[in-house]
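When we follow UniProt numbering, the leftmost residue of the sequence shown carries the number 1, and every step to the right adds one.
Please keep in mind that the hints were generated in silico from the structure rather than gathered at the bench. Heads up, a few of these hints could be off.
[Claimed, not checked] In the DSBU-like style, the derived pairs of lysine-lysine whose C-alpha atoms are separated by at most 30 Å in a straight line are: (1) LYS134 <-> LYS34; (2) LYS120 <-> LYS23; (3) LYS143 <-> LYS85; (4) LYS112 <-> LYS72; (5) LYS141 <-> LYS34; (6) LYS86 <-> LYS72.
What you are looking at is a predicted structure, and each value in this text was computed from that prediction instead of being measured.
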Amino acid sequence: MSGYKNKEVISSDTVEIEITNTKDFLCYNWKDIKGSIGHATGYEDVLNDYEFITYEDMHQGIPSVSVYLRDKEKNDRPAFLIRSKKILTDYINSLYNTTPVYDETDDILLKKREELFVYKEENTYPLCIWITPKSRIVLIKNKRFNEYQLYAEPNYDIQ
1 MSGYKNKEVI
11 SSDTVEIEIT
21 NTKDFLCYNW
31 KDIKGSIGHA
41 TGYEDVLNDY
51 EFITYEDMHQ
61 GIPSVSVYLR
71 DKEKNDRPAF
81 LIRSKKILTD
91 YINSLYNTTP
101 VYDETDDILL
111 KKREELFVYK
121 EENTYPLCIW
131 ITPKSRIVLI
141 KNKRFNEYQL
151 YAEPNYDIQ
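My request is simple: use the sequences and hints to build the entire structure.
As structure tokens, this is what we get:
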């Protein structure tokens, strides 16, 4: 931190900040999701040409969150589709400091999705799966809308 007066530094100091994450997945705690709230929530990113959108829901009593990317520019859909796969993958890899447990090279990817996730949206197929202490996350391609998205469910029983 620096204090300025007449464009000159008159005081400076450092501050240690500790960030604690108390959420299960992104900004959500699984126990707080009771079903669809009827709309998505957008997260503006002024430094990028895309924004994240989340949608919370409940499937067979299991809370879930879907994450989508929206192209703010809307000028090159095929290029954005390719980029969005990398953006979503890199985001989860960096957020959880891990790589997928299963990916496109695994013959058992479809089987693992069936075993690990309660809800499987029609016209989608998995590309990779992450398992964190609190969440199971799958990157899927939605063939109907021709887009990539993340889908997450709890990795523990909700009490």
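Checked hints:
no.: 1; hint: LYS134 <-> LYS34; result: holds (17 Å)
no.: 2; hint: LYS120 <-> LYS23; result: holds (24 Å)
no.: 3; hint: LYS143 <-> LYS85; result: holds (14 Å)
no.: 4; hint: LYS112 <-> LYS72; result: violated (34 Å)
no.: 5; hint: LYS141 <-> LYS34; result: holds (26 Å)
no.: 6; hint: LYS86 <-> LYS72; result: holds (17 Å)
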